[in-house]
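**Q** Each chain is listed here by its residues.
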Amino acid sequence: MIWREKIIELAKGAKDKPAKFGPDLEIPDFSVTDNLPRVQSLDELPKEVVDRGYSVGIDARGRRRLGTYFQYDHSVIYTWLEERGLAEVMSASEALKKYDWIRDYWWKAVPVDVDKYTAIAELNQTHGYFIRTIPEARLTLPIQACLFIGSQELVQCPHNIVIVEEGSELHLITGCAAHPTITKGLQIGISEFYVKRGATLTFTMIHGWTHGLDVRPRTGVIVESGGTFINNYICFYPVKTIQMYPTVYCIGKDSRARLISLICAYGDSIFDVGNAIILRGEGARSEITFRVIAKDKAQVITRGHIVGEAGKTKAHIDCRGLLLSEGAKIHAIPELEAKVEGTELTHEAAVGKIQEEQLYYLMTRGLTEEQATSLIVRGFLDVEILGLPDHLKAEMKRIAQLITEKAL
Amino acid sequence: MALLEVKDLRVEVGGKEVVKGANLEVNPNEIRVLLGPNASGKTSLLMAIMGHPAYKVRKGEILFDGVNVVNKPAHERAKMGLALSFQNPPEIRGIKLRDLIRIAAGKEAWNPLKEPREEFSTSVLASVGLDPTVFRDRDVNVGFSGGEKKRSELAQVLAMKPKLMLLDEPDSGVDVDSLKEIGIRINTYVRESCCSALVVTHYRHILPYIRPCFAYVMCNGIIVASGDPYEIFSRIEEVGYCAYANVCPPAIRSTIEGRVK
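Chains A and B are the protein sequences, given in the same order. Residues 1 to 408, numbered by this note's numbering, are exactly what the first sequence covers, in order. Residues 1 to 261, numbered by this note's numbering, are exactly what the second sequence covers, in order.
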């Protein structure tokens with residue numbers, strides 16, 4: 001594979017290049033050992049792993065799921081697909097061997113030499129999921145993928161490729177989690193998503209880290225004509241540092257992207273999370289929504305950057321942050337960049353404490369201060385998680401409830 | 001015994017004294033109105049009676065049902081039977097009006113699994129003339145017109161089944177038809193539930209609907225006059241608040257001056 005060698009050369013050149021945002025990390029030497037046996041059922045896993053998985057949307061029995069991919073450390077321990085013929089689910093390493101054409105998707109939505117994290121991920125890649133639908137296939141139930149860190153001081157570098165072929169529809173739930181006992185580790189997850197003509201990808205990612213984890217996901221999404229990409233990001237566990245800036249290229253005419261992030265940051269967590277959307281196709285539309293709660297000493301930066309490069313495009317950033325402690329900090333940085341006439345870009349941002357006026361108002365209705373705060377926080381997080389089938393909305397409500405509990 | 005007795009009340013907001021020794025009473029099963037020019041302290045007086053934390057009582061007593069509630073938090077006063085409709089209620093995103101009405105009534109937020117068709121807020125909203133199919137699912141006060149806010153406030157207050165309603169300008173910014181409807185609703189509730197109301201208003205037009213028995217006039221943080229609502233309104237309309245405060249009966253004036261000293 002000469003093409004891969006060229007990529008590796010590029011990666012080597014970027015090995016020491018710091019990221020544009022977020023605290024810079026010293027990357028220790030590490031090894032990748034893929035030696036865990038496959039399991040027959042996820043139920044065989046220890047209870048803490050199953051529970052942790054469940055809290056990030058992974059159902060061990062695959063109930064109301066169409067397929068499952070489970071990567072534990074550097075090993076793919078379980079894959080399952082209900083209806084073969086509509087889609088395929090496998091390790092990205094397997095796909096690299098199987099399909100020559102994968103070169104058209106490997107580092108095509110994220111450049112390999114963006115920073116040292118992309119470089120390291122390429123040089124130490126272990127699996128990641130490869131999911132591809134067949135054209136016109138409508139998968140009503142979601143496929144779930146779990147990237148799990150179960151060992152101390154692990155550096156996990158999965159490279160995920162999702163191809164939603166023309167006219168097809170896929171719901172993908174990705175749960176990224178670490179075992180509750182992990183106090184040190186790094187995950188660099190590369191995700192490249194391709195939403196073809198008239199296709200729809202609903203991607204719900206739930207993070208369940210611990211306070212010792214550094215996380216540097218790198219994500220690029222390409223949306224073709226008439227395609228729709230919906231991204232729901234949820235994080236309500238602590239983390240040491242997380243920096244990510246998924247970039248969506250709406251290259252096709254009338255393509256759509258909607259990105260929603262619900263974050264509850266607490267403890268000493270440092271978040272630097274952004275979304276960039278490039279509106280390159282005529283008539284493309286997009287929306288970025290952030291709902292951030294910060295308490296204790298958590299520091300959160302939310303970035304949003306929309307670039308209008310084509311006419312009849314429209315986009316909006318809605319960023320709201322709620323501070324629940326004196327020591328917490330939220331910094332909202334919405335950016336709008338119009339490069340042509342006929343692009344309409346707007347934003348609204350509001351960060352601060354709960355307004356006393358609202359709190360007092362509710363107290364005059366018979367609520368204690370705690371009850372009133374809880375009601376306001378619940379309302380603050382009540383953003384409709386989009387694109388999910390009804391029965392999954394109930395699951396998401398359960399997760400939103402968990403966030404509220406963590407927040408209070 | 002009076003249901004509400006406010007004695008020599010002094011209230012501060014943001015470090016500034018806004019109520020400077022007010023006295024008033026409301027008896028069971030009656031409606032009284034509180035009149036006065038803008039910024040005379042009417043809203044502050046109501047907020048202080050309700051126990052809004054931003055309005056600090058510096059001196060005096062608020063006896064409700066014979067109990068001094070000055071040190072009780074707002075939610076306890078609400079449980080005792082006090083309810084306040086705000087003149088300018090805040091917008092709260094994410095909280096549905098339906099749920100706030102239910103919570104005000106001591107119920108849980110609506111759970112479609114337990115109750116496929118929401119009934120409680122639906123009937124309360126309908127009773128104040130808000131279309132339940134529209135307003136149930138709206139965020140509290142977000143994008144409401146002036147009149148809609150007044151009706152929404154009244155709905156929440158009625159849901160609380162209070163003994164005393166404190167209504168802060170329920171008629172401001174409301175068209176004539178709505179005024180009549182709101183006025184009648186207040187009066188009906190007072191009669192049917194044997195409760196009382198203290199209504200702040202600027203307009204005579206609501207009087208025929210709510211039919212108050214007594215009026216207070218507040219000026220510069222104190223009650224400067226009281227008596228028959230119609231008579232007082234006539235004189236205020238004739239000479240204006242400013243002159244009225246100076247020409248009110250000498251007996252009352254002397255008590256004011258005595259208090260100022």
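Be careful, since some hints might not be right.
Said to hold, decoys possible - Capping the alpha-carbon separation at 27 angstroms, the derived lysine-lysine pairs in DSS-like fashion look like this:
| hint | chain 1 | residue 1 | chain 2 | residue 2 |
| --- | --- | --- | --- | --- |
| 1 | A | 98 | A | 108 |
| 2 | A | 253 | A | 15 |
| 3 | A | 108 | A | 339 |
| 4 | B | 59 | A | 393 |
| 5 | A | 353 | B | 59 |
| 6 | B | 114 | B | 72 |
| 7 | A | 406 | B | 107 |
| 8 | B | 79 | B | 56 |
| 9 | A | 184 | A | 6 |
| 10 | A | 339 | A | 393 |
| 11 | A | 17 | A | 6 |
| 12 | B | 79 | B | 107 |
| 13 | B | 79 | B | 59 |
| 14 | A | 253 | A | 97 |
| 15 | B | 107 | A | 397 |
| 16 | B | 20 | A | 406 |
| 17 | A | 353 | B | 56 |
| 18 | B | 20 | B | 72 |
| 19 | A | 353 | B | 72 |
| 20 | A | 393 | B | 7 |
| 21 | B | 114 | A | 397 |
| 22 | B | 72 | B | 180 |
| 23 | B | 114 | B | 56 |
| 24 | A | 20 | A | 297 |
| 25 | B | 72 | B | 16 |
| 26 | A | 353 | A | 297 |
| 27 | A | 295 | A | 184 |
Claimed, not checked - Some chain B residues near chain A, calculated using beta-carbon distances under 8 angstroms:
| hint | residue |
| --- | --- |
| 28 | 52 |
| 29 | 79 |
| 30 | 81 |
| 31 | 84 |
| 32 | 86 |
| 33 | 87 |
| 34 | 89 |
| 35 | 90 |
| 36 | 103 |
Everything labelled a hint here was simulated from the structure, so no lab data went into it. By construction, the Cβ of each residue, glycine as well, lies at the ideal position given by its N, Cα and C atoms.
**Q** Hint by hint, say whether it matches the structure.
**A** So, going through the hints one by one against the coordinates:
Restraint check: the Cα-Cα separation between residue 98 of chain A and residue 108 of chain A comes to about 18 angstroms, which is no more than 27 angstroms; the hinted pair holds. With a C-alpha separation of about 36 angstroms, the suggested pairing of residue 253 of chain A with residue 15 of chain A is violated against the 27 angstroms cut-off. Restraint check for residue 108 of chain A and residue 339 of chain A: satisfied, since their Cα atoms lie roughly 24 angstroms apart, inside the 27 angstroms limit. Proposed proximity of residue 59 of chain B and residue 393 of chain A is contradicted: the alpha carbons are some 53 angstroms apart, above 27 angstroms.
Simply put, residue 353 of chain A and residue 59 of chain B have alpha-carbon atoms about 31 angstroms apart, too far for the 27 angstroms limit, and the pair is violated. For the given pair, residue 114 of chain B sits about 35 angstroms from residue 72 of chain B by alpha-carbon distance, which is inconsistent with the 27 angstroms threshold. Only pairs whose Cα atoms come within 27 angstroms are accepted, and residue 406 of chain A paired with residue 107 of chain B is accepted, the gap being roughly 24 angstroms. Annotation: proposed proximity of residue 79 of chain B to residue 56 of chain B holds, straight-line Cα distance about 20 angstroms (limit 27 angstroms).
With a C-alpha separation of about 33 angstroms, the suggested pairing of residue 184 of chain A with residue 6 of chain A is violated against the 27 angstroms cut-off. Restraint check: the Cα-Cα separation between residue 339 of chain A and residue 393 of chain A comes to about 38 angstroms, which exceeds 27 angstroms; the hinted pair is violated. At roughly 18 angstroms between alpha-carbon atoms, residue 17 of chain A and residue 6 of chain A fall within 27 angstroms of each other, so this suggested pair holds. This hinted pair checks out: residue 79 of chain B and residue 107 of chain B have alpha carbons roughly 13 angstroms apart, not beyond 27 angstroms.
For the suggested pair residue 79 of chain B and residue 59 of chain B, the alpha carbons sit about 24 angstroms apart, so the restraint of at most 27 angstroms is met. For the hint linking residue 253 of chain A to residue 97 of chain A, the alpha-carbon distance of about 33 angstroms lies beyond 27 angstroms, and the restraint is violated. At most 27 angstroms may separate the alpha-carbon atoms for a hinted pair to count; residue 107 of chain B and residue 397 of chain A meet this at roughly 20 angstroms. Of the pairs offered as hints, the one joining residue 20 of chain B and residue 406 of chain A is violated, with about 45 angstroms between alpha carbons and a cut-off of 27 angstroms exceeded.
Restraint check for residue 353 of chain A and residue 56 of chain B: satisfied, since their Cα atoms lie roughly 22 angstroms apart, inside the 27 angstroms limit. Distance restraint check for residue 20 of chain B and residue 72 of chain B: the Cα-Cα separation of roughly 21 angstroms lies within the 27 angstroms cut-off, and the hinted pair is therefore satisfied. Using a Cα cut-off of 27 angstroms, the hinted pair residue 353 of chain A and residue 72 of chain B holds, with the two alpha carbons roughly 25 angstroms apart. As the CA atoms of residue 393 of chain A and residue 7 of chain B are separated by approximately 54 angstroms, the hinted pair breaks the 27 angstroms bound.
Note on residue 114 of chain B and residue 397 of chain A: the hinted pairing holds, with a Cα-Cα distance of about 16 angstroms set against a maximum of 27 angstroms. At most 27 angstroms may separate the alpha-carbon atoms for a hinted pair to count; residue 72 of chain B and residue 180 of chain B exceed this at roughly 35 angstroms. Taking the CA atoms of residue 114 of chain B and residue 56 of chain B, the gap is near 42 angstroms; set against the 27 angstroms cutoff, the hint is violated. For the hint pairing residue 20 of chain A with residue 297 of chain A, the CA-to-CA distance comes to about 23 angstroms; that is within 27 angstroms, so the pair holds.
Under the criterion of a C-alpha separation no larger than 27 angstroms, the hint pairing residue 72 of chain B with residue 16 of chain B is consistent with the structure, at around 22 angstroms. For the given pair, residue 353 of chain A sits about 14 angstroms from residue 297 of chain A by alpha-carbon distance, which is consistent with the 27 angstroms threshold. At roughly 22 angstroms between alpha-carbon atoms, residue 295 of chain A and residue 184 of chain A fall within 27 angstroms of each other, so this suggested pair holds. Because the smallest distance between the Cβ of residue 52 of chain B and any Cβ of chain A comes to about 5 angstroms, under 8 angstroms, the interface hint for this residue holds.
Nearest Cβ of chain A to the Cβ of residue 79 of chain B: about 6 angstroms, under the 8 angstroms cut. The hint holds. For residue 81 of chain B, the shortest C-beta to C-beta distance to chain A is roughly 10 angstroms, which exceeds 8 angstroms, and the interface hint is violated. Interface restraint check for residue 84 of chain B: the shortest CB-CB distance to chain A comes to about 5 angstroms, inside 8 angstroms, so the restraint holds. Nearest Cβ of chain A to the Cβ of residue 86 of chain B: about 7 angstroms, under the 8 angstroms cut. The hint holds.
Interface restraint check: residue 87 of chain B against chain A, minimum CB-CB distance 12 angstroms, threshold 8 angstroms, status violated. Annotation: interface hint on residue 89 of chain B holds; nearest CB of chain A at approximately 6 angstroms, less than 8 angstroms. With 8 angstroms as the threshold, the beta carbon of residue 90 of chain B comes within range of chain A, its nearest partner Cβ sitting at about 5 angstroms, so the hint holds. Interface hint at residue 103 of chain B: satisfied, since its Cβ lies 7 angstroms from the closest Cβ of chain A, which is below the 8 angstroms cut-off.
Consistency with the previously given hints fails for numbers 2, 4, 5, 6, 9, 10, 14, 16, 20, 22, 23, 30 and 33, ordered from lowest to highest.
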